[in-house]
Structures are given as structure tokens and as C-alpha cells.
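Sequence lines, in order, name chains A and B.
Numbering-wise (the numbering used here), the first sequence opens with residue 2 and increments by one.
Numbering-wise (the numbering used here), the second sequence opens with residue 2 and increments by one.
What the hints contain is simulated information worked out from the structure, not anything from laboratory work.
Just so you know, not all the hints are guaranteed correct.
The list treats identical chains as one, so a pair stands whether inside a single copy or across any two.
[Stated by the list, open to error] Taking lysine-lysine pairs in the BS3-like style, the calculated list, with each CA pair at most 27 angstroms apart, reads:
no.	residue 1	residue 2
1	Lys281	Lys295
2	Lys305	Lys295
3	Lys18	Lys41
The chain contents come next:
Number of protein chains: 2
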Amino acid sequence: VDYLRNSQSATADDIAKIANVSRVAVSRAFNPSASIKPEKRALILKLAQELNYVPNHAARSLVTKRSHLVGVIVPDVCSPWESQEIDALTTSLQSEGFATLLFKTRADKQIDPQLLSYISGFNPDSVIVFVENVRRETLAKVIGRAVPIYVEYDNQTPLANDEGAGMLYDRLNICQRQGMEQAVALLHGFDCKRIAFLDGHPRSLAARERKRALSQIMAGRGMAPPIIVPGDFTYDSAHAAILSQFRVDNGVDAIFAANDVSAFGAIDALRYSLGLRVPKDVKVIGFDNITQAKWRAYDLTTVKVDLRERVDALIRLILRRLKTPDAPILIESLSTSLVVRGSVG
Amino acid sequence: VDYLRNSQSATADDIAKIANVSRVAVSRAFNPSASIKPEKRALILKLAQELNYVPNHAARSLVTKRSHLVGVIVPDVCSPWESQEIDALTTSLQSEGFATLLFKTRADKQIDPQLLSYISGFNPDSVIVFVENVRRETLAKVIGRAVPIYVEYDNQTPLANDEGAGMLYDRLNICQRQGMEQAVALLHGFDCKRIAFLDGHPRSLAARERKRALSQIMAGRGMAPPIIVPGDFTYDSAHAAILSQFRVDNGVDAIFAANDVSAFGAIDALRYSLGLRVPKDVKVIGFDNITQAKWRAYDLTTVKVDLRERVDALIRLILRRLKTPDAPILIESLSTSLVVRGSVG
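Make the full structure from the sequences, and use the hints.
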């Protein structure tokens, strides 16, 4: 082992010569997504290991202009929804020959120009922006050749010309409304009269759109408008906000939470601090369908965004744009649906 | 915006000339951890943005031999413990001028040589190996110049000479025993007689060491050996295993779970499927102290590994090794302690 570490490393040319293959074949063997005969790949990888050859992406990226890095900008890796998405995304990117480069926004979820410059210095092939509060113009200017992918909500309209002229914004559009309509129908069917919306983070576009959709759907059914309870997507804030709400108004008979984690905080506040039963006294619905939603303690009815479909769509957007840099704007759309569990009915 | 995107980008030399600073200053301005006067940094970043200059790490890394990338190899990003650690690690790495490069092991938690070659192609400055089942020799050979950091458990002994000769293995050693001794003392104090150990994944060194420590501590107190219940760190397997265990033996009065998530599965099985009360009928202790451990539905007594301390120690190991490549093996040690909540007592 030691003599290998101390000796000079082999080059791709050395491997190609010994294996009697082309240099391109050596390169393909190291890309898990490249098509190459299994025996050929095995031979090349075996020789590479024996001769201590490792491909260097940094050097290669200067030639190919491809870094094989996909930047992912998130406010929190540790929120269950984001961690589950990053997990699935990393698996898929890896199988396509890319690696995930993680970046976190500031604590207030803002992205400053310094962070964007910093990210662009790593020369990512693509950047997935899970945060919603960075201006497109700022991002486009700083990210350079990487094509950002935005996640949007209930919006099929291409960008207005003045905003998007000459710039590409591939997008994943989540049709949140579908699942929310099913959720409201369920609560309406149980004759819920005072429905609270437990809000998400004030800076979140997703939460804002969920709130708006809920109000519209309820109005469309002739129901009283939802009572808005402030929140920020966390368990702790949800727990505290529901306690405050019920101190002034204990007539709420259903809670629609902006995400699953805050639904858990609401359920625990109802059960353990207010002595109320879920679903008998108060029904609770969440949004996301994270793994924990099916845990027995919560058994949460929730609006499901299929994680597999979501990640597959993101990967398709990234690969299409890399293959065809000048293609017109691409929009992938994802549907949502209600998963009914014990927290309602 | 468009004319900027289409025009030639400025170089570091251009920025240095216009700002009337050195080239080194331009480079430092983009490294969040480099010391530079705030006004100078602000001026350089402002000019860089106006003139569309972005530093290129790929090019720079060929000169400096530093990629500013730290590889992190994990089996699952989405387990709460790992996602919380990756989150804290990414924040700290970013503030030191590094970025986190995520890699996932195969579904069976194995690392194959192809994945290691793939990782080394990105030329990371350091690699943190959270998985325990890759041979050190394999890793050292393939990772090349990056220094791997291992996480170990209850082991202060430097490596035997034959295994470690000429190779460096910086390590973070978690002293699991301390917190576990406190946990057993608590259960002993409550006069628990039949204690089950809900095991972790069979390939996990951490779980194996936890099982061994528990047996030794209980034997030291003259208690009957723990009943071993199989598991794999997941909620679902824990839930199923506790149901099976109680079907053949309902005399268990305490469960020590190998991690918090499986403790949650155990609690839900006890309460919702077996009709038992926690802690009155069965006391439950976990390991990790993840955020969810304090959720009211679980209110879990658990062995705490301080996440902040753990990440700080990892960062110290990485930075020391990069600064002094030939320094002797470095071992950081972390203590553990019991956090007592409602699931016991």
C-alpha cells in the first residue's frame, strides 16, 4: 500500500495503453452514467486501482468546461423535508455522474452576493435554488454559466418578457392546489366550521401560495375564511402559536398546517397541553408527507408531493439544459394529492 | 444585466488594478475566512459584481493544490442524526472557506472502489467517513492526498503499528460509555430488572460498541444481561421488533434503543399497539439527542452527543491536517451525557 502512495500516479494514457482501450473509454469507465461494456469497465477500474490512477475532475473541468458539480442552496439541511429531498437528489445525481455541492443561506434565509460569488467560484454545472428570496437577475449575473433551477408553486405562466428577456429560468412547478382541494373537501365533509391555517415562514413563497390557495378554495365552497395563525415551519413555533390561539379562541375545529413538522407541533400542543383529542376534537392536516407523517404518534393526514417524481423532474431539467444550453425555457409540473390518515376522521 | 452576461468577464488582475489593491487581496476578499479589512472586502466584492468577475476554484486548485472541497460520505442524508450533523458541518465549513461535497454509499451501506475513485476525482482536500465498513487501506490508497477522518467509539488506543505504518488516520473518538453509565444507573435506580437493548444496523460499529458497553456496565452492577432485540436504526424496524419481542415476552420493563429514531418506533409500538404506558409500564432511553427527542409525543430520555462540539472537533481536525500535513496522528475526544426527560421516571 505504501509504495503505491509514494510512487508516481499513473495517467489516463498509461491505463489506456495497458488495457488496450481508448482514452475516452478510460474516462467513461469512471462515469457511472456513461455507457460502456461491463467487462471493459471492470478491467479499467481494476487496472486503475492497481496503478493508483485517479481521474481529476478539476483538471478535466478546465478542458470540458464541465465540473460535474451541482450546487444546492438550502436554508436548512436538517429540516426533514429538505434532508429527504437532498438525500434522493444526491443518489440520482451520483448515478448520473454528478456530485452534490451543498451551500447554506444565512440564518435569516437570505442569500447575499458574497455567497453567490463564493458558489460560482466552484464552477457548478447547475444550481438548484430551494430558497425563494433571491432575485433572478442577481442570481443570473453571479452564477455565470450555471443554469439555475427554480421551484415554483401553482404557476404555469412563462415569465413576462421584460423580466426574462434573454435569460433562461427552468422551473419545477408544484401544483399544490390539487391536493389542497381534496383536503378542504374532506374537512368540509366532516362539517368543520372554524378552520385555522398554521402559517409557514414569512419569507416562504410556498407558504404564501398555500395560504392564498386555501382561502380561495374555502371561499369557493362558501366557507368562512381561515383563521391565520403565525408560524415559521418549525415544531416549536407551531406548538407555541397553537397554545396562544386556543387561549383566546378554543372554537377552532380543524388546523391546516403549512408543513408536516408544524402539524406535529400543533398535535402535541392540542394533546399534551390543551387536553384535546385529535381527530375527535380538532382535525389536523399537514403538507409534504415526510417520512415522519406516518409515525403512529402523529398518523398525519397530509398533502403529498411525491419525492421521487420531484427529484426525477429536477434531474431531467438539469440534464436537458446541460445537453442543450440554448433550449427554450423548460417547465416541469408536479401534481399533489391528499394522503388520508388518522389525524382526520 | 444582459450586456454583462454577454461581455467578457473581468480577471482578478483587472479588479486589483481598478481597486488599487494586490491580487492576493482580491483572492482573500472571496474567502470568507481570510482576514481582510471590511471596507477593502466590500470594495472588491462591489467591483467584482459590477465587472462580472468570479473567482474560479477549479483553475485555482490546480495551482494551489487546494480544492476547498470536503467530501462527506454517508449512507443516508435523511436520517435525522446525519442531516443535523451535515447541516452544522456545512455551516462551519462554509465559514472556513470550504464547501461540502456529499456522497452516498450504496443502499447496503457499502462503499465500493468505484465510488472511492469517483470521489477522489473531485480532488477533495479532506474526506469525512461516517461509514465504518470501509477498510482504511482501501480508502488511503484511493483517496490520494485527502486525509480521511474517522469517527470511532470508546477507543483511545492509537492504531497498531502494522496497520497504521506510514499512514495517518485522524480520528474523532466518541466516549459513549460515560452517558451510557448514567443511563444504566438511572434504570437501576428505578429497579428495572428486564432491560432490552434495541440494536442498530448490523454493520454499524457504533451500535456494536453500544451493545458491548451496555452489557459490560450492567454486568458491573450485577444486573442480568440485556435482552437483545434486532434492529437497524429505523422507526419501522424498531416498531416491528418490539411487537415481536412483547409477543413472546411481555416482562421487559425498560428498553435501551441504539438511537433516538428507533426509540420513537419502540414508544409508538408500546403505546398504540400494545396498550402499554411509557414510562409507567416500560421505560425507554435513546441515543443521540436529536431535535425530535424533545417533541412532546416522545419526550425522550437519551444519551447526548453534543452536535456543536462534534462538528467543531471535526473542523479542527480538518484544518490542522491541511495546515500541517506531516503532523502526528490527531485524536479528538468527545464526552457524552444523559439528558433525562419524561420517557423514564
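Hints and how they fare:
no.: 1; hint: Lys281 with Lys295; result: both (18 angstroms within a copy, 25 angstroms between copies)
no.: 2; hint: Lys305 with Lys295; result: both (12 angstroms within a copy, 26 angstroms between copies)
no.: 3; hint: Lys18 with Lys41; result: within (13 angstroms within a copy, 52 angstroms between copies)
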